[in-house]
Structures are given as structure tokens and as C-alpha cells.
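Protein chains: 2
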Amino acid sequence: MVAPGGRIAPEVGQETLALAASLYPNGEVQIHFDPQCFVSQGHFAGDDETRINAFVAAANDPSFDAVWFGRGGYGAVRMAEKAIARLRPAAGGKTYLGYSDMGALLGALYKAGIGKPVHGPMPGDMKREGGAAAVARSLAYLVGGDASALEPSRDGDAPRLAYNMAVLSSVLGSPLEPPMGGHVLMLEEVGEYMYRTDRYLFHITSAASVRSVAGIRLGRVSAVPANDPDFGLIDEEVMIHWCERAGIPYLGRADIGHDIENKIVPFGRS
Amino acid sequence: MVAPGGRIAPEVGQETLALAASLYPNGEVQIHFDPQCFVSQGHFAGDDETRINAFVAAANDPSFDAVWFGRGGYGAVRMAEKAIARLRPAAGGKTYLGYSDMGALLGALYKAGIGKPVHGPMPGDMKREGGAAAVARSLAYLVGGDASALEPSRDGDAPRLAYNMAVLSSVLGSPLEPPMGGHVLMLEEVGEYMYRTDRYLFHITSAASVRSVAGIRLGRVSAVPANDPDFGLIDEEVMIHWCERAGIPYLGRADIGHDIENKIVPFGRS
Numbered sequence: 001m002v003a004p005g006g007r008i009a010p011e012v013g014q015e016t017l018a019l020a021a022s023l024y025p026n027g028e029v030q031i032h033f034d035p036q037c038f039v040s041q042g043h044f045a046g047d048d049e050t051r052i053n054a055f056v057a058a059a060n061d062p063s064f065d066a067v068w069f070g071r072g073g074y075g076a077v078r079m080a081e082k083a084i085a086r087l088r089p090a091a092g093g094k095t096y097l098g099y100s101d102m103g104a105l106l107g108a109l110y111k112a113g114i115g116k117p118v119h120g121p122m123p124g125d126m127k128r129e130g131g132a133a134a135v136a137r138s139l140a141y142l143v144g145g146d147a148s149a150l151e152p153s154r155d156g157d158a159p160r161l162a163y164n165m166a167v168l169s170s171v172l173g174s175p176l177e178p179p180m181g182g183h184v185l186m187l188e189e190v191g192e193y194m195y196r197t198d199r200y201l202f203h204i205t206s207a208a209s210v211r212s213v214a215g216i217r218l219g220r221v222s223a224v225p226a227n228d229p230d231f232g233l234i235d236e237e238v239m240i241h242w243c244e245r246a247g248i249p250y251l252g253r254a255d256i257g258h259d260i261e262n263k264i265v266p267f268g269r270s
Numbered sequence: 001m002v003a004p005g006g007r008i009a010p011e012v013g014q015e016t017l018a019l020a021a022s023l024y025p026n027g028e029v030q031i032h033f034d035p036q037c038f039v040s041q042g043h044f045a046g047d048d049e050t051r052i053n054a055f056v057a058a059a060n061d062p063s064f065d066a067v068w069f070g071r072g073g074y075g076a077v078r079m080a081e082k083a084i085a086r087l088r089p090a091a092g093g094k095t096y097l098g099y100s101d102m103g104a105l106l107g108a109l110y111k112a113g114i115g116k117p118v119h120g121p122m123p124g125d126m127k128r129e130g131g132a133a134a135v136a137r138s139l140a141y142l143v144g145g146d147a148s149a150l151e152p153s154r155d156g157d158a159p160r161l162a163y164n165m166a167v168l169s170s171v172l173g174s175p176l177e178p179p180m181g182g183h184v185l186m187l188e189e190v191g192e193y194m195y196r197t198d199r200y201l202f203h204i205t206s207a208a209s210v211r212s213v214a215g216i217r218l219g220r221v222s223a224v225p226a227n228d229p230d231f232g233l234i235d236e237e238v239m240i241h242w243c244e245r246a247g248i249p250y251l252g253r254a255d256i257g258h259d260i261e262n263k264i265v266p267f268g269r270s
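Heads up: the sequence lines are chains B and P, in that order. Start counting the first sequence at 1; every next residue gets the next number (this note's numbering). Start counting the second sequence at 1; every next residue gets the next number (this note's numbering).
Bound-form chain B, shown alone (with noise of 0.2 Å):
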């Protein structure tokens, strides 16, 4: 477990620990929290060097099976770049799981190849009431490749990416974007106001490489601030309105969000 963006409390690692022993009182799963997870340095856990140091060290340690990410908040641009540069062919065999910030860290490495990166629940996700189901979920996805922990959607076998709007947003023509052509793009977005998740998604679905998509699904724009005035259009139409401006098809609903109910997307054919 490492922490590329915020830090995670202490309380959430025990909690994690405490929940892994339960499901799994046969050591099915053995999870170490590096210390990074806990330093705390300004908005970050531990400077840019020390998430890097720390996430390189996890991904190129042979005896890990996984690199799951404590939480999101933000810091993945900062390190993304220069941790993947130091990558060895240990790190190839891994699945790294996160979401939210974590997906400019998570598309940075699909696009180099590396692993297999997967969209889905952290222990930061122990603070949200019944936060237990959705960690839960990673581990039954983790420990045993748990089916029902996978957001539910087909598109032929199209593959698919995860995406946090404002993140994919500030991804896009910079060394983290990921290749996106043929891909369904699944996009959620929490506590935006909506003209801004109107204008990311005036953004996205301008970018040449997103217009080569083969289709958008919405995920959960929740927890969005009460625009004065009412800003006039819900999320969906907000979607539909660039997706039609874009010529991108749009696909319908996506099951992932900031919320207990975000199911797993494996980036790529899962």
C-alpha cells in the first residue's frame, strides 16, 4: 500500500487491516502499509521524492502481488512521470488499484504498458458510511478476481478506462494520457459545480484523441454544490449535449462513482 497523492489517517490502515483479517482469517491476504502512507508533508503524504520512492519500491518488490493505493486527494501528476521512468520488469507483473487522482497514475502506466491498472476502490473509502462493502470489494476483486466486484456494463469487448472528469481533464496532451482509441471511456465527477463539470466536459470531448473513442458512459456526478441560479441542466444532459457535439457516441450509465457502490474497471479487456 502506498499513498501517491494525500495521506492516509491511521485509523483507515487499522481499519483495513482489521476488515482483510476478517474476510480472509486464512492469510489469504497479507497487506503492508509502506510508512509513506502516514507522513504527512503540506497537501501531501511525504514530498514528491518520498511517493516516488515509495511507490517505486512497491511496484519493482517481486514479493507483491498488487500496489494498492491508500486514497486519492491529489499528487499523482507530480510523481506519475518520474516513478515510471525507474519501473523494473518486476513491476510488469503487478495490479496497481485505485481511482479519482490515481487514474493520471493508473493511465500513465496502461499507456506505458505496465501491469495491469485497475479503477476501483481504497481504504480511504473506509471514511464513507458503509465504506467496509466498497474496500471489501477490491480485496474479493484482488484476492480471488471476484466477478460480481465488476462494473457490470458491456460493450462488445471494447476495452474500457475509468476516469475522474477533472483528472482526465488535466491528463489530457501531457506525458499521462492515456491511449483512449476504441476504448469506452467511463467518466464520474463529485463535488464540482456543474458549469465546471459542463466545461471539463467541453474539454474531453474537444481532445482529437477522445473524439476517437468508441463511446462515453456516465458515471456518478455526486455531491455537486447548489449552483445559484440552478444551472439549468442535469449531468446527463450535460453529457449528452457534448457527446452530441462530438460526435462520440453515448452510452448510457456507468456504475462507478465517489460513493460505497464504485464497482471495478480494469483498464484495457479485463
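None of these hints come from the bench; they were simulated from the model. Among the hints, erroneous ones may be present.
Since the list can't tell identical chains apart, any single copy or any two copies may satisfy a pair.
With a cut-off of at most 25 Å between alpha-carbon atoms, the simulated SDA-like pairs for lysine to any residue come out as follows [as the list claims (entries may be wrong)]:
| no. | residue 1 | residue 2 |
| --- | --- | --- |
| 1 | K82 | I240 |
| 2 | K127 | D230 |
| 3 | K82 | D61 |
| 4 | K127 | Y193 |
| 5 | K127 | A226 |
| 6 | K111 | A246 |
| 7 | K127 | A9 |
| 8 | K111 | F64 |
| 9 | K111 | S209 |
| 10 | K111 | R211 |
| 11 | K82 | S209 |
| 12 | K111 | G181 |
| 13 | K82 | I248 |
| 14 | K82 | R211 |
| 15 | K111 | R245 |
Based on these hints, arrange chain P on the given structure of chain B.
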């Protein structure tokens, strides 16, 4: 006067006309507020078609010397591309003046080589304490080309651009992105958490097109909400970090921002 984003409060219109009448009592300036400025449709000063029509009518009317935008808000990206496609030769002889969200439209006009796009105060600035001074600055520039209204930094005779960071981030890679090669790019921000400013600057300085600028100047980054814990870096440290990583010369401060000191920056060579 048109409002491609949010509506103008009626008293702002009245105060602007009164200010112009007191500063130019011999009728040197005549301001026409299109009724669209005061319309309200959800978040916007009228729906997209209404805002497009008002802008196109003003721009194509040869009896106007300038199109002064009433305020920012949000909405220019929804109308800019369609509006510009409808401009006729009379639009080419005008000055277009505004900032903030209007940057999306100004940059698109600049890309299309239409008229003279200019960053500067708008009637909406009347709402600020002492805002009449800012509005008077734009009037002085529009009426007599007042040189003291201009942003004072000089970097050889490099052409210049001025943008809000969130707005520039949202147009990168879109049809509204301006040509930036060899330009001095001035960037300001308001009301954003410092981690968001950091993310916007990652995005902006990662773009190949931005990496072709002559350099970046930092305007004011104001009304930053408190980060908990403190972000750990101030605005200029963040800017220097990303400029260094991107190999972009950082040229120092620019006298622009969401405040009454906001100076005039004609796009290109003034």
C-alpha cells in the same frame, strides 16, 4: 455590450453608463447594452443560441468600434466556435475586450485572426470595491488607447496572451486553443484551492503548444480557499516548479488578476 457567459445585473449596466457619461461628457463614447446582457437562463445570460446571436449581431454591426463583454462567469466555450463561424468582414475591424471566461472567446478570435482581442476589465468589475477605476481603465483604452492602462512588463517585442488558468486549461487541445509559439503567456487565477492551481499548471505546462511559448508571467492568484493542511507552496513556487520541469522560462510577475488593478493586455503585439 454583450454577455457570452453570465448575465449582468441591471445596476451594473446603469453604473457603467453613468461612469462613461461622467468621464466623457462630450459624448466621446457611446455604449449600447444588448438586452441579452440582462436575460437569465439557468446559469447563463440566455441560452446558447441567444448569446451567439447577440455576439454575432454586435460583431457584424459596422456602426460599433468595439465589442466589450459585460462580465465573465461561464459560457464562452459553449458559444465561441459556432459564433465565430458566423462572423463577417465588419467583425474584423473591432476590438474585443474582456477577461476570465471571455479568454476562451478572445483566444479563438485571435486564432482566427479576427479583430483585436484584448484582456481587460469589464463592467462586471463595478461590483468590486473601487471597481469604477478598473472599468474606467478599459474605457480609457477603448476611447483613446491610453498607454497607462497597459500591463507594463516588456519582454522584447514578444507578442502576448493573458488567460485565467482554468480557462486556458479548458481550451487546450480544443478548436478554441490560441496560437502560442513565441508568445509571453500571462496567467492568473481566482478562488481556486492551491492544489487545483498546481494541477492546472501541470496540465498547461505539459502541453507541447505551451512549451513553445517565449515564457510565462504570473498574474495574481487571489481568494485562494484555505487548504487543510496548508498546501505547502505559494503561487510563485508552484509556477516556478512547473516552468522548470517543462523547460519554460519563468519571466516574473504580471499585473493582471481578478481585481481592480487588472491591466490591459492586447493579444499579440500591441
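Intra- versus inter-subunit Cα pairing at 25 Å for K82 with I240: Between. Shortest inter-copy distance 18 Å satisfies the 25 Å Cα cut-off; intra-copy 37 Å does not.
Tell me, please, which holds for K127 and A226 at an alpha-carbon limit of 25 Å: within, between, both or neither? Answer is both; intra-copy 24 Å and inter-copy 22 Å each pass.
Alpha-carbon proximity context of K111 and A246, limit 25 Å: both (24 Å within a copy, 20 Å between copies)
Can you give me the call for K111 and R211, within, between, both or neither, at a CA distance of at most 25 Å? Both ways: K111 and R211 sit 17 Å apart in one copy and 22 Å across, limit 25 Å.
Using 25 Å as the alpha-carbon threshold, which applies to K82 and I248: within, between, both, or neither? between (33 Å within a copy, 18 Å between copies)
Up to 25 Å CA-CA - R211 versus K82, copy category: Between copies, since 19 Å is at most 25 Å while 28 Å is not.
Please sort K111 with G181 into within, between, both or neither, judging by C-alpha distance up to 25 Å. For K111 and G181, the Cα distance is within 25 Å only inside one copy (12 Å; across copies 28 Å).
At most 25 Å between CA atoms: does that hold for K111 and R245 within a copy, between copies, both, or neither? Between copies, since 21 Å is at most 25 Å while 27 Å is not.
Is it within, between, both, or neither for K127 and Y193, if the alpha carbons may be no more than 25 Å apart? Both: 23 Å inside a chain and 22 Å across chains, each within 25 Å.
K111 and S209: within-copy, between-copy, both or neither at 25 Å Cα: both (13 Å within a copy, 21 Å between copies)
Cα distance capped at 25 Å. Does K127 pair with D230 within a copy, between copies, both, or neither? between (30 Å within a copy, 21 Å between copies)
Cα distance capped at 25 Å. Does K82 pair with D61 within a copy, between copies, both, or neither? within (18 Å within a copy, 53 Å between copies)
Checked against the numbered hints above, the structure violates none of them.
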